[in-house]
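Residue numbering for the sequence shown follows the numbering used here, beginning at 115 and increasing consecutively.
Read the hints as simulated data drawn from the structure, not as lab findings.
No false leads were mixed into what you were given.
Each pair of labels, with its calculated beta carbon distance range: (1) Asp138 with Glu240: 16 to 22 angstroms; (2) Asp224 with Pro173: 23 to 29 angstroms; (3) Asp227 with Asp138: 28 to 34 angstroms; (4) Asp214 with Ala134: 18 to 24 angstroms; (5) Gly195 with Pro173: 18 to 24 angstroms.
The C-beta atom is built at its ideal place from N, Cα and C for all residues, glycine as well.
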Amino acid sequence: MNHTEVSVIVPAYNVEKYIARCIDSLLAQSLRDIEIIAVDDGSTDETGHILDEYQQKSPDRIKVFHVANQGVSHARNYGIGKATGNCLAFVDSDDWVHPDTYQQMYRILDETDSDLVFCDVTQVFEAGGEERVISLDHAEGNVPVAVYLKEGKYIQLACNKLFKREIWSSYSFENKYFEDLAFFVMNSKVS
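Start from the sequences, fold in the hints, and give me the full structure.
What follows is the structure, given as structure tokens:
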């Protein structure tokens, strides 16, 4: 099995309005050694068809899987099982990422030997406007786990993190809601 540096897992359910922007942002990443694992979670709209078209255009970069609807946690876990990357990332299907996101996070993960790294997030509202949700300004670059957990807002998102693959060997996403909370509590070294 060939390994890529980063596998980005995208669970998708009835997001025909957003999925193209999400996938386009992943295909535009400056880190070229990246694979996109899109898991269509039983969509009843055109989401699955749109993903299939992307796979036809970029078969070396995107893999699409269609599963019966079982929720976001199942779709993420399924994607983990199909991923070949040394590192894993998760992007919700209505998110998009800056072109240098994974290049920068991968560099930091490698330099610091952390188990995961995370970046700032900007929440964009459909009605207009945006809000910066996460901003850590620790000069040393590493965030103690106590700070990470105490600040609550850092642990509610999976989409702004890059994980070493090996930390997933004993864990998986559990529930439909706040499915990532328990996993983040168990991590020990964060940058």
